[in-house]
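Asks: Please take these sequences and the hints and turn them into a complete structure.
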Amino acid sequence: MKKLTAIILIFLATSQSIISGAKVKKLTEEQRIVHVLNRLGFGVRPGDVERVKALGLENYINQQLNPEKISDTVAENKIRDLSVLNMTTAELYEKYPQPGQLLRQLQARGMLPADLAEARENRVKGGANAAPGEMPKNDSMNGPESKNTQTVTPANPLEDPKYRQMIEKYYRENGLQRPQRIVAELQASRILRAVYSERQLQEVMVDFWTNHFNVFAGKGADRWLLPTYDRDTIRPFAMSKFSTLLEATAKSPAMLFYLDNFQSVSPDSGRANPLRPQQQRRGINENYARELMELHTLGVDGGYTQKDVQEVARCFTGWTIFQPRGGAAAANAMMGRDGNGRRDPGTFFFNARVHDDGEKIVLGHKIPAGGGMKDGQMVLDILAHHPSTAKFIATKLVRHFVADNPPPALVDRVAATFTKTDGDIRETLKTIFFSNEFNSTDAYRVKIKRPFELVISAIRTLGADTNGGPGTHQWIARMGEPLYGFQTPNGYSDTAESWVNTGGLLERMNFGLALASNRIPGTSVNLSKLSNEQSKVMDEYLKVLLAGDISPATREALLKQLDKSDPVTKVVGLILGTPEFQRQ
Amino acid sequence: MNRRFFLKSGTVALASIGMSLSAPAFLERVALGNALTGGKRKTLIAIFQRGAVDGLNMVVPFGESNYYSVRPSIAIPKPDAGNAESAINLDGFFGLHPSMSAFKPLWDSKRLAIVHASGSPDNTRSHFDAQDYMESATPGVKSTHDGWLNRYLQNKEDADRSLFRAVALAKTMPRVLQGQAPALAMTSLAEFTIRAGKSSENLQGGFEAIYARKVNDPLTDMGRETFEAVNYLKQVNPGQYKPENGAQYPGNPFGNSLLQIAQLIKAGVGLEIAFTDIGGWDTHTNQGNSRGQLANLLQQFSSGIAALYQDLGQRMDDVIVLTMSEFGRTVRENGNRGTDHGHANAMFVMGNSVRGGKVYGRWPGLGNDQLYEGRDLTLTTDFRDVFGEIATCHLGSKDAKSIFPGYSLSASNFKGFLG
Numbered sequence: 001m002k003k004l005t006a007i008i009l010i011f012l013a014t015s016q017s018i019i020s021g022a023k024v025k026k027l028t029e030e031q032r033i034v035h036v037l038n039r040l041g042f043g044v045r046p047g048d049v050e051r052v053k054a055l056g057l058e059n060y061i062n063q064q065l066n067p068e069k070i071s072d073t074v075a076e077n078k079i080r081d082l083s084v085l086n087m088t089t090a091e092l093y094e095k096y097p098q099p100g101q102l103l104r105q106l107q108a109r110g111m112l113p114a115d116l117a118e119a120r121e122n123r124v125k126g127g128a129n130a131a132p133g134e135m136p137k138n139d140s141m142n143g144p145e146s147k148n149t150q151t152v153t154p155a156n157p158l159e160d161p162k163y164r165q166m167i168e169k170y171y172r173e174n175g176l177q178r179p180q181r182i183v184a185e186l187q188a189s190r191i192l193r194a195v196y197s198e199r200q201l202q203e204v205m206v207d208f209w210t211n212h213f214n215v216f217a218g219k220g221a222d223r224w225l226l227p228t229y230d231r232d233t234i235r236p237f238a239m240s241k242f243s244t245l246l247e248a249t250a251k252s253p254a255m256l257f258y259l260d261n262f263q264s265v266s267p268d269s270g271r272a273n274p275l276r277p278q279q280q281r282r283g284i285n286e287n288y289a290r291e292l293m294e295l296h297t298l299g300v301d302g303g304y305t306q307k308d309v310q311e312v313a314r315c316f317t318g319w320t321i322f323q324p325r326g327g328a329a330a331a332n333a334m335m336g337r338d339g340n341g342r343r344d345p346g347t348f349f350f351n352a353r354v355h356d357d358g359e360k361i362v363l364g365h366k367i368p369a370g371g372g373m374k375d376g377q378m379v380l381d382i383l384a385h386h387p388s389t390a391k392f393i394a395t396k397l398v399r400h401f402v403a404d405n406p407p408p409a410l411v412d413r414v415a416a417t418f419t420k421t422d423g424d425i426r427e428t429l430k431t432i433f434f435s436n437e438f439n440s441t442d443a444y445r446v447k448i449k450r451p452f453e454l455v456i457s458a459i460r461t462l463g464a465d466t467n468g469g470p471g472t473h474q475w476i477a478r479m480g481e482p483l484y485g486f487q488t489p490n491g492y493s494d495t496a497e498s499w500v501n502t503g504g505l506l507e508r509m510n511f512g513l514a515l516a517s518n519r520i521p522g523t524s525v526n527l528s529k530l531s532n533e534q535s536k537v538m539d540e541y542l543k544v545l546l547a548g549d550i551s552p553a554t555r556e557a558l559l560k561q562l563d564k565s566d567p568v569t570k571v572v573g574l575i576l577g578t579p580e581f582q583r584q
Numbered sequence: 001m002n003r004r005f006f007l008k009s010g011t012v013a014l015a016s017i018g019m020s021l022s023a024p025a026f027l028e029r030v031a032l033g034n035a036l037t038g039g040k041r042k043t044l045i046a047i048f049q050r051g052a053v054d055g056l057n058m059v060v061p062f063g064e065s066n067y068y069s070v071r072p073s074i075a076i077p078k079p080d081a082g083n084a085e086s087a088i089n090l091d092g093f094f095g096l097h098p099s100m101s102a103f104k105p106l107w108d109s110k111r112l113a114i115v116h117a118s119g120s121p122d123n124t125r126s127h128f129d130a131q132d133y134m135e136s137a138t139p140g141v142k143s144t145h146d147g148w149l150n151r152y153l154q155n156k157e158d159a160d161r162s163l164f165r166a167v168a169l170a171k172t173m174p175r176v177l178q179g180q181a182p183a184l185a186m187t188s189l190a191e192f193t194i195r196a197g198k199s200s201e202n203l204q205g206g207f208e209a210i211y212a213r214k215v216n217d218p219l220t221d222m223g224r225e226t227f228e229a230v231n232y233l234k235q236v237n238p239g240q241y242k243p244e245n246g247a248q249y250p251g252n253p254f255g256n257s258l259l260q261i262a263q264l265i266k267a268g269v270g271l272e273i274a275f276t277d278i279g280g281w282d283t284h285t286n287q288g289n290s291r292g293q294l295a296n297l298l299q300q301f302s303s304g305i306a307a308l309y310q311d312l313g314q315r316m317d318d319v320i321v322l323t324m325s326e327f328g329r330t331v332r333e334n335g336n337r338g339t340d341h342g343h344a345n346a347m348f349v350m351g352n353s354v355r356g357g358k359v360y361g362r363w364p365g366l367g368n369d370q371l372y373e374g375r376d377l378t379l380t381t382d383f384r385d386v387f388g389e390i391a392t393c394h395l396g397s398k399d400a401k402s403i404f405p406g407y408s409l410s411a412s413n414f415k416g417f418l419g
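Top to bottom, those sequences are chains A and B.
Per this note's numbering, the very first residue in the first sequence carries number 1; after that it's consecutive.
Per this note's numbering, the very first residue in the second sequence carries number 1; after that it's consecutive.
A hint or two may mislead.
Unchecked claim - Distance ranges between label pairs, derived from CB positions:
#1 A:Asp-115 - B:Gly-251: 30 to 38 angstroms
#2 B:Asn-245 - A:Asp-115: 15 to 23 angstroms
#3 B:Ser-65 - A:Asn-86: 43 to 51 angstroms
#4 A:Ala-352 - B:Asn-368: 33 to 41 angstroms
#5 A:Lys-169 - B:Glu-157: 56 to 64 angstroms
#6 B:Asn-155 - A:Asp-422: 38 to 46 angstroms
#7 A:Glu-198 - B:Pro-405: 41 to 49 angstroms
#8 B:Arg-315 - A:Asn-77: 53 to 61 angstroms
#9 B:Pro-72 - A:Thr-244: 55 to 63 angstroms
#10 B:Glu-201 - A:Glu-198: 47 to 55 angstroms
#11 A:Asn-77 - B:Glu-157: 37 to 45 angstroms
#12 B:His-145 - A:Ser-524: 36 to 44 angstroms
Claimed, not checked - Okay, derived cross-link-like pairs now, DSS-like style, lysine-lysine, Cα gap no bigger than 30 angstroms in a straight line:
#13 B:Lys-214 - A:Lys-25
#14 B:Lys-358 - B:Lys-78
#15 A:Lys-536 - B:Lys-198
#16 A:Lys-162 - A:Lys-241
#17 B:Lys-198 - A:Lys-307
#18 B:Lys-198 - B:Lys-42
#19 A:Lys-366 - A:Lys-241
#20 B:Lys-214 - B:Lys-242
#21 B:Lys-171 - A:Lys-162
#22 A:Lys-560 - B:Lys-198
#23 A:Lys-536 - B:Lys-214
#24 B:Lys-198 - A:Lys-543
#25 B:Lys-214 - A:Lys-560
#26 A:Lys-366 - A:Lys-430
#27 A:Lys-560 - B:Lys-234
#28 B:Lys-198 - A:Lys-529
#29 B:Lys-42 - B:Lys-415
#30 B:Lys-214 - A:Lys-543
#31 B:Lys-214 - B:Lys-234
#32 B:Lys-415 - B:Lys-156
#33 B:Lys-198 - B:Lys-234
#34 A:Lys-560 - A:Lys-529
#35 A:Lys-26 - B:Lys-214
Read the hints as simulated data drawn from the structure, not as lab findings.
Cβ coordinates follow ideal geometry from the N, Cα and C atoms, glycine included.
Replies: The following block contains the structure:
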């Protein structure tokens, strides 16, 4: 086995197109194209195979590895109207304020309109409870906006509709929007880009890293912090150096909030926040430190100890967010005032006053006292260049692009590239895409599509049109993968057994039927008959949807289903629900 | 690894015990399992009160004078036979909120136990974190990937491999049931089918034909079992359900969830863990006292559970209902006649096998010097001891310790509500 690896390595070094040799079974040219379109992208649109064939597969892959050089006007036009994508966090806090928080601030400034004040008062008098996440409260530990409004608190059956109407009216009149809209638009942008972007690999990598560096939209302020996370943290660095991406996430308000580092302070720092001296000091919070090593870099068996977790947490004290929950951005903006002008709400800053400036030892490396913000940067540097990180990232990438059980020899080669190129993500991917393992029949159509991949690939293969709106996203959520909806930091699983379950499978079939019969609001598909003969219609669609990769048994079962009732809709719905279409 | 994913159905030899071959394979396994163990399957119904219920107004310590001094406008009056708005006396010290009268008969017949001053030892007052900790059952550790009920499922092999072993009546799989062991999440039983209007039946037939093949493919096997389950549920006909014993479920989502759990239990599909939740407990403002928003919610909550109890009747011999909430609320009322995020809370445990009619757990008192961090009810029972007792003594887990990593679970800390 070792010998074989060595041979492959030599082979790799001398040539890039190495789809020969070894014992693996080769794919046909057409299969290779389909395979690349499925794995480096979200499925085969009508005409894609021919386009790639004309361009040459290797050229196509290299093009995909350099997305900045690909023109992408169609996708850009599709997302043009999603205004949250271009807004700063401060603007989001101004324009998409949380109603309860806004009302309280207006009241404090004597600006709460009388009718709204009355509706608010009656809401509680009438025995109604506030909608989740809208309740004013006095608890000093958490702002009201720190509550979770998505999956954590089910809607209150007693919410007063009159109060809600008043809020809606007030928002309309003042050009404000409800905060739920932020995540809805962000989800739409992800769907639209995955469907329409020519930079398919870029979108796959955005999906991969967003999941690797998971942030849950339902945690407190994170919904306001996610647009910048996608735009400024993940997207620009999805194919850069891993260390660059890692540092961007470490400084991202979304991650700092999600894993609590924004409130991690040295216990010795005393009353460090002169603005809020009454705030109870919470001391060191180890969450980010732990997940940084376990999930973002080294992996759970990557060789760190609890002591390392504590030391890393000390290094990151003071990496925080200015006005993490937006301060009074909305109320101030309505009064025509800036905040205090010093910094924008919801942005990263290093608070030296709460930093633990003593000496630390991290994974055997000494981090000298007095380093300030450099401490955290040194930690990131140590972690990004640790061999366990190379192995861990290589394993996850190979699992994603090749197979649930990553071939160890390939993982070793990919990790070697990662190390040799200082964590260059493009070079690392190249090693995968031009490997025998990736281009083997063993890897062909073996990965179960995750719900996001299933929905996007169905829309793409059928050449359907979508606005990416809630109608589409709700199906992704129903099948178990709401975007930005994974609560814990490990992100969605990338292996089949997590997705092959009774409820999920049933929803996959229902999704296929809904799409084929145009029952998804905001998405339309135009199924042409392609032929007058039913079995030919079926075979044409098997070609469109699966490049003809269907088992004889499934084809036979499908054939028996052909009847006179709207055959195209039925046959397409059924094909989308076959075991074959669940794989890529 | 998910065992179910690799095992194929139909491997149990059923002919020998003369099972009907038309029954779905998983049901035959369930029936066979029951026949072999000679017992009925035990079921736990776990109910989460999301948003942190005010346990001190739900199970009122009317014997504490400080209770009345720190809650001038929201306290529940001491039991008074002539006052329907006073607390319902339980044991001379504790009383139920008057809107929970549906629980009184259960208390009187000793089928309702209360564990007061219980909850998570972590001092977080964030809903998110506290719910996370209660569902993962690893307070303070966020990186736990699975929920404790899922770990229970993982740790106790289910020879029957029921498709309905664990069901959450919820839109998405709750944290408590997330993990490697299979579980179902659905908002309603009626939705658990192919939904394509008039063509549903025709299309389901199509999918069944596609997935009927016995090939070496776990996905196909899963599809086949899925339709077994779908078809069995259709036979049960969830739309036509009639509760028994005159039970009347409240006509709200919570009542509907409980009703469907009862349906599943009666259908004999092998339900072992059911989960649902009810929100709206975050009463920071105008909480109300004997009337008001908390009273209304408690009424829905208790009447729903009491209806479930009545409906299941004798089946409650094998069922336990457990309620929980992420943390309690401040002992003192705040400036808005409400309460803020606190610490310890109260849990209900119900069932015919429960040694009820008793408030379990050491009562820490409400004196100002007895409060946790000077403001909240002090915790005296770790919620894992309550979960652990149910997993061990009711569900029959042989290895409850491993359900609670990082905690030294010991039967000596069990409260004894299961004997």
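Asks: Each of the hints needs a verdict: does it hold here or not?
Replies: Okay, the hints, checked on the actual structure:
Restraint check, A:Asp-115 to B:Gly-251: a C-beta distance of roughly 33 angstroms satisfies the suggested window 30 to 38 angstroms. Under the hint 15 to 23 angstroms, the C-beta atoms of B:Asn-245 and A:Asp-115, about 49 angstroms apart, miss the expected range. Separated by about 60 angstroms at the C-beta atoms, B:Ser-65 and A:Asn-86 break the suggested range of 43 to 51 angstroms. Evaluation of the 33 to 41 angstroms hint for A:Ala-352 and B:Asn-368 yields a pass: the beta carbon distance comes to about 39 angstroms.
About 58 angstroms separates the C-beta atoms of A:Lys-169 and B:Glu-157, a value consistent with the hinted range of 56 to 64 angstroms. Checked against the given bound of 38 to 46 angstroms, the beta carbons of B:Asn-155 and A:Asp-422, roughly 44 angstroms apart, stay inside it. Restraint check, A:Glu-198 to B:Pro-405: a C-beta distance of roughly 47 angstroms satisfies the suggested window 41 to 49 angstroms. At about 60 angstroms, the beta-carbon gap between B:Arg-315 and A:Asn-77 stays in the expected band of 53 to 61 angstroms.
At roughly 58 angstroms, the beta carbons of B:Pro-72 and A:Thr-244 sit within the given window of 55 to 63 angstroms. Between B:Glu-201 and A:Glu-198 the Cβ separation comes to about 42 angstroms, which falls outside the hinted range of 47 to 55 angstroms. At roughly 55 angstroms, the beta-carbon separation of A:Asn-77 and B:Glu-157 lies outside the given 37 to 45 angstroms, and the hint is violated. With their beta carbons about 39 angstroms apart, B:His-145 and A:Ser-524 fall inside the hinted range of 36 to 44 angstroms.
Restraint check: the Cα-Cα separation between B:Lys-214 and A:Lys-25 comes to about 26 angstroms, which is no more than 30 angstroms; the hinted pair holds. Of the pairs offered as hints, the one joining B:Lys-358 and B:Lys-78 holds, with about 19 angstroms between alpha carbons and a cut-off of 30 angstroms not exceeded. In summary, the hint linking A:Lys-536 to B:Lys-198 is supported, as the alpha carbons are separated by about 26 angstroms, within the 30 angstroms threshold. The hinted pair formed by A:Lys-162 and A:Lys-241 fails the criterion: a straight-line CA distance of about 53 angstroms is larger than 30 angstroms.
Taking the CA atoms of B:Lys-198 and A:Lys-307, the gap is near 63 angstroms; set against the 30 angstroms cutoff, the hint is violated. The hinted pair formed by B:Lys-198 and B:Lys-42 fails the criterion: a straight-line CA distance of about 39 angstroms is larger than 30 angstroms. Between A:Lys-366 and A:Lys-241, the direct Cα distance comes to roughly 25 angstroms. Compliance with the 30 angstroms bound is thereby established for this hinted pair. The hinted pair formed by B:Lys-214 and B:Lys-242 fails the criterion: a straight-line CA distance of about 38 angstroms is larger than 30 angstroms.
Using a Cα cut-off of 30 angstroms, the hinted pair B:Lys-171 and A:Lys-162 holds, with the two alpha carbons roughly 26 angstroms apart. Taken as a hint, the A:Lys-560 and B:Lys-198 pair is honoured in the structure, with Cα atoms around 19 angstroms apart against an allowance of 30 angstroms. Distance hint between A:Lys-536 and B:Lys-214 is fulfilled; the C-alpha atoms sit about 26 angstroms from each other, no more than 30 angstroms. In summary, the hint linking B:Lys-198 to A:Lys-543 is supported, as the alpha carbons are separated by about 28 angstroms, within the 30 angstroms threshold.
Among the hinted pairs, B:Lys-214 with A:Lys-560 is consistent with the structure: their alpha-carbon atoms are about 17 angstroms apart, no more than 30 angstroms. At most 30 angstroms may separate the alpha-carbon atoms for a hinted pair to count; A:Lys-366 and A:Lys-430 exceed this at roughly 35 angstroms. The hinted pair formed by A:Lys-560 and B:Lys-234 meets the criterion: a straight-line CA distance of about 24 angstroms does not exceed 30 angstroms. A hinted pair counts as satisfied when its Cα atoms are at most 30 angstroms apart, and B:Lys-198 with A:Lys-529 qualifies at roughly 22 angstroms.
Annotation: proposed proximity of B:Lys-42 to B:Lys-415 holds, straight-line Cα distance about 20 angstroms (limit 30 angstroms). For the hint pairing B:Lys-214 with A:Lys-543, the CA-to-CA distance comes to about 24 angstroms; that is within 30 angstroms, so the pair holds. Distance check on the hinted pair: B:Lys-214 and B:Lys-234 sit about 24 angstroms apart at the alpha-carbon level, within 30 angstroms; holds. Taking the CA atoms of B:Lys-415 and B:Lys-156, the gap is about 23 angstroms. The hint holds against a cut of 30 angstroms.
Of the pairs offered as hints, the one joining B:Lys-198 and B:Lys-234 holds, with about 16 angstroms between alpha carbons and a cut-off of 30 angstroms not exceeded. For the suggested pair A:Lys-560 and A:Lys-529, the alpha carbons sit about 18 angstroms apart, so the restraint of at most 30 angstroms is met. For the given pair, A:Lys-26 sits about 28 angstroms from B:Lys-214 by alpha-carbon distance, which is consistent with the 30 angstroms threshold.
Violated hints, listed in ascending order, are 2, 3, 10, 11, 16, 17, 18, 20 and 26; each of the other numbered hints is respected by the structure.
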